[in-house]
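Given the sequences, and given the hints that come with them, work out the whole structure.
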Amino acid sequence: MEYNFQDIEQRWRTYWATKKTYHVEIDENKPKFYVLNMFPYPSGAGLHVGHPLGYIASDIYARYKRLCGYNVLNPMGYDAYGLPAEQYAIQTGQHPAITTEENIAHYREQLDKIGFSFDWDREVRTCDPAYYHWTQWAFLKMYGSFYCNKCQKAQPITLLEEHLRTYGTEGLDVAQTEELHFSPEYWNGLTEQERQQTLMNYRLAYLGETMVNWCAELGTVLANDEVVDGLSVRGGFPVVQKKMKQWCLRVSAYAQRLLDGLDQINWSESLKETQRNWIGRSEGTEMNFRTNSATQPEVTIFTTRADTIFGVTFMVLAPESEYVKPLTTEAQREAVERYVEETKKRTERERIADRRVSGVFTGSYAENPFTGEQIPIWVSDYVLSGYGTGAIMAVPAHDSRDYAFARHFNLPIRPLIEGCDVSEESFDAKEGIVCNSPAEGTSALKGFTLNGLSVKEAIQTTKEFVTANGLGRVKTNYRLRDAIFSRQRYWGEPFPIFYKDGLPQPIPEDCLPIELPDVSVFLPTQTGEPPLGNATKWAWDTCKREVVENTLIDHKTVFPLELSTMPGFAGSSAYYLRYMDSTNATALVGEKANQYWRNVDLYVGGSEHATGHLIYSRFWNKFLHDIGISCEEEPFKKLVNQGMIQGRSNFVYRVKGTQTYVSLGLKDKYDVTPIHVDVNIVENDVLDLEKFKAWRPEYKDAEFILEDGKYICGWAVEKMSKSMFNVVNPDHIIERYGADTLRIYEMFLGPISQSKPWDSSGIDGSARFLRKFWNLFFDGETFCIDDSTPTAENLKSLHKLIKKISEDVEDFSFNTSIPAFMIATSELSAQKCRSRQILETAVILIAPYAPHIAEELWSLLGHDTTVFDANWPKFEEKYLVESTVTMAVSFNGKTRYTIQASADASNEEVQQQALNDANAAKYLEGHQIVKVIVVPKRIVNIVIK
RNA sequence: GCCCAGAUGGCGGAAUCGGUAGACGCGCUGGUCUCAAACACCAGUGGGGCAACCCGUGCCGGUUCGACCCCGGCUCUGGGUACCA
154 MEYNFQDIEQ RWRTYWATKK TYHVEIDENK PKFYVLNMFP YPSGAGLHVG HPLGYIASDI
214 YARYKRLCGY NVLNPMGYDA YGLPAEQYAI QTGQHPAITT EENIAHYREQ LDKIGFSFDW
274 DREVRTCDPA YYHWTQWAFL KMYGSFYCNK CQKAQPITLL EEHLRTYGTE GLDVAQTEEL
334 HFSPEYWNGL TEQERQQTLM NYRLAYLGET MVNWCAELGT VLANDEVVDG LSVRGGFPVV
394 QKKMKQWCLR VSAYAQRLLD GLDQINWSES LKETQRNWIG RSEGTEMNFR TNSATQPEVT
454 IFTTRADTIF GVTFMVLAPE SEYVKPLTTE AQREAVERYV EETKKRTERE RIADRRVSGV
514 FTGSYAENPF TGEQIPIWVS DYVLSGYGTG AIMAVPAHDS RDYAFARHFN LPIRPLIEGC
574 DVSEESFDAK EGIVCNSPAE GTSALKGFTL NGLSVKEAIQ TTKEFVTANG LGRVKTNYRL
634 RDAIFSRQRY WGEPFPIFYK DGLPQPIPED CLPIELPDVS VFLPTQTGEP PLGNATKWAW
694 DTCKREVVEN TLIDHKTVFP LELSTMPGFA GSSAYYLRYM DSTNATALVG EKANQYWRNV
754 DLYVGGSEHA TGHLIYSRFW NKFLHDIGIS CEEEPFKKLV NQGMIQGRSN FVYRVKGTQT
814 YVSLGLKDKY DVTPIHVDVN IVENDVLDLE KFKAWRPEYK DAEFILEDGK YICGWAVEKM
874 SKSMFNVVNP DHIIERYGAD TLRIYEMFLG PISQSKPWDS SGIDGSARFL RKFWNLFFDG
934 ETFCIDDSTP TAENLKSLHK LIKKISEDVE DFSFNTSIPA FMIATSELSA QKCRSRQILE
994 TAVILIAPYA PHIAEELWSL LGHDTTVFDA NWPKFEEKYL VESTVTMAVS FNGKTRYTIQ
1054 ASADASNEEV QQQALNDANA AKYLEGHQIV KVIVVPKRIV NIVIK
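Quick note: the first sequence uses this note's numbering, first residue 154, plus one each step.
Any given hint might turn out to be false.
Stated by the list, open to error - Here are the simulated DSS-like cross-link-like pairs (lysine-lysine), alpha carbons at most 25 Å apart as the crow flies:
1. K185 - K172
2. K173 - K183
3. K395 - K478
4. K745 - K791
In case anyone wonders, no lab produced these hints; they're calculated from the structure.
Next comes the structure, spelled out in structure tokens:
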């Protein structure tokens, strides 16, 4: 019987949906396994063949785990808030809620055709009030918490208030924006407003002043990659650096735990390394330098190279540093102010692009605490205000940036490492033997020398000295910054906050969710107000309405804080917890559900989220862990990054100034322009001439210069996108070949983590294979299976397959299991195997990969349960033992002859037999056996000369 | 600049423990079927040579009886990150 995939797939799709085959509930009798894909943003373009790659891989794994007896959670949902929907709304006036709804429906339709085992009853959408209720709730919890460094966890802010009331800041060890010092009397004397402002210094979700790219025309803050040359990418409007009040999350408080946690999880080393770099832990020393200024008698710097203290020849402050103003002398005031002003005007981008050496002397001097030497204090933009203390001690001999600066301004360079040459460049490496410490007696601190120590020892020695003598302290800094949590956008989660007298007030938890107000007009207004200026009233329920009436909205100057929403990562930070208990109306996740499902065992998604989503959700989970909601410290135990599927674009070559198109092989003889051509009218790089003429009006009269009667197109690998005409829609593939073929082919393309171009031309091979597999069960038109005892050959083919597939699935090497299936299929076919025992097992093995065909065959085999209730077969070594072994004979290390010995090579008798055989063979005559090397189970080597 | 990953036929890629390099698929060539084409099926297919055989895993060197695999030094490609002291 013919393999009618259309009929089969349609039928099983309906069956699974109506029977809710993939619905899961907590089952204490089975071990749980949680498989998760990064949920998609439902764009208007729909799915292309690249999107399902990771879903197919994780679906295979989920189905496999289910066959192994696990209770598998495999949910899916939508990351539905985002910019494209809003931009589309502004352009067309269509409400983003409507377009999002439409896009989701389209996605769902496409996903359903591929045969995933998702439990759709658990679907979440980030834009659904029932979902973002818990996003807002988590935000409120963060607002109401601070981070205690002593106990290394989040604590209720009321504990902190208690402490401040009783002790002030005495004995406080907490995460904070800036280090404050005050007495309990001071705190108790503050007004409520002042106290609230002070608490912002400690809250995990806080209002902070940060520098942003502000685009007045668009009425929003832009991310760095949305700004080029000081203009917005969209619209080309000017963008300025602006200090704005924004909601922030104190992610930095968790830096050490985020770093430590990486050792506990099974992620790729490169991804972990990316996160380690992003967190950027550096251990160093903070040192205090006395200055000759009356108003700023001391400056604190941060360094990781305390050992270079004797090489300091100047100091540098960041232009934004608070130290700059008090340390600038009257004579230098004008020059310094001019420099600081100039720096402020340059965007961060310009500073990076144009890395010229610039700076100005403040007029003040600092004193080297070790030598008492006077060193000049400069200001330069190569020092960043946001890292360390915003001030550095410059050691030009051992830091390339300090070196460039010293060379430019002709400042002294003093090398401290034996034998290093600093005439051309600095010696930055942390290696070598330290020298040039001041001679005894000349140092202000008598007897301290670093001479003869290695750099490592010198750093340690200096650290200890600094601490012991009160010159500073040991300090660990992190590069990880707090996350800016406000976006001046409509299509996102509203903050559960109202403002009274300019102060934020949390909305009580029982008033959640705060729903996004419905806005009907999206077009930008004439006055240049942001489109959301139309949202004059928030559609909140009664408990918030009066609050809104009192809220001052001034959206002409700055997009009002009240109207900003949360960023994209808010909704995606805890969605994996929500899936565990997606309909719970009283909690983000119930305790029972969380205790059972715990965390994600396997997470599949793109590596582009390494420093975004994957940091934020780890942070978010750790916070929820601290407040007792998530029982696990890490959200994602194992993570697999799937590569991107690129497009394979096709080109035609138009002879310049004509309507003549020349085939690839002949194009060099003409002056041609390459033009992208729709890959859907090209097959195996051969252009369908009629379809091309019909494709677009301008090609109606096209003429062609052919080679061998064909028009051959050129090709290139590019991003899969509409504008390149290289998008391949999975719907078309499924229509022509079926979902099982698509699944098999996508896995066969190559290693899952590797990026690769899509090439439809290979798909016939996968289709042929499934047809052959199907034909194993048929003799002509009849389903033909018997209960015959399998032969040794049958069993060997089968167990080879069981071994290979089991190993491959565990390793995520799906690409190599497809060939194993192909080989087993042709072997069993050649053996004319009809044995139910063998073929039934083969169906179970293929079920994760090609679920529709497996279900159909399973049912034809007479089962009335689904194939996924079967048990994964056990591999047995005994069926694979080789009856012969290869023996190689080497002459002077070169393998010349191969002969067959007659059994297992690990067996000593066999080795002896092999030797006898070798001796008997004519090519050993006249040679002496040097040694025999046994490689277990495979080969016996006899080395002779 | 720094960090990470990689380099194997015409193409995608196998070789998971240091043991027959190129599995499997695509493409190509020949054949069967067909009036013909497409599909399908069968055979061949790393390069050179009539052959025996020789050469072949980015380049140079090393370890080993034996190296795509291990070690040292390069070249190139892809990704991340960037004045983080």
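Hint check:
Of the supplied pair hints, the one linking K185 and K172 holds, its CA atoms being roughly 21 Å apart against a limit of 25 Å. Between K173 and K183 the alpha-carbon distance is near 19 Å, which keeps this suggested pair within the 25 Å criterion. For the suggested pair K395 and K478, the alpha carbons sit about 20 Å apart, so the restraint of at most 25 Å is met. Note on K745 and K791: the hinted pairing holds, with a Cα-Cα distance of about 23 Å set against a maximum of 25 Å.
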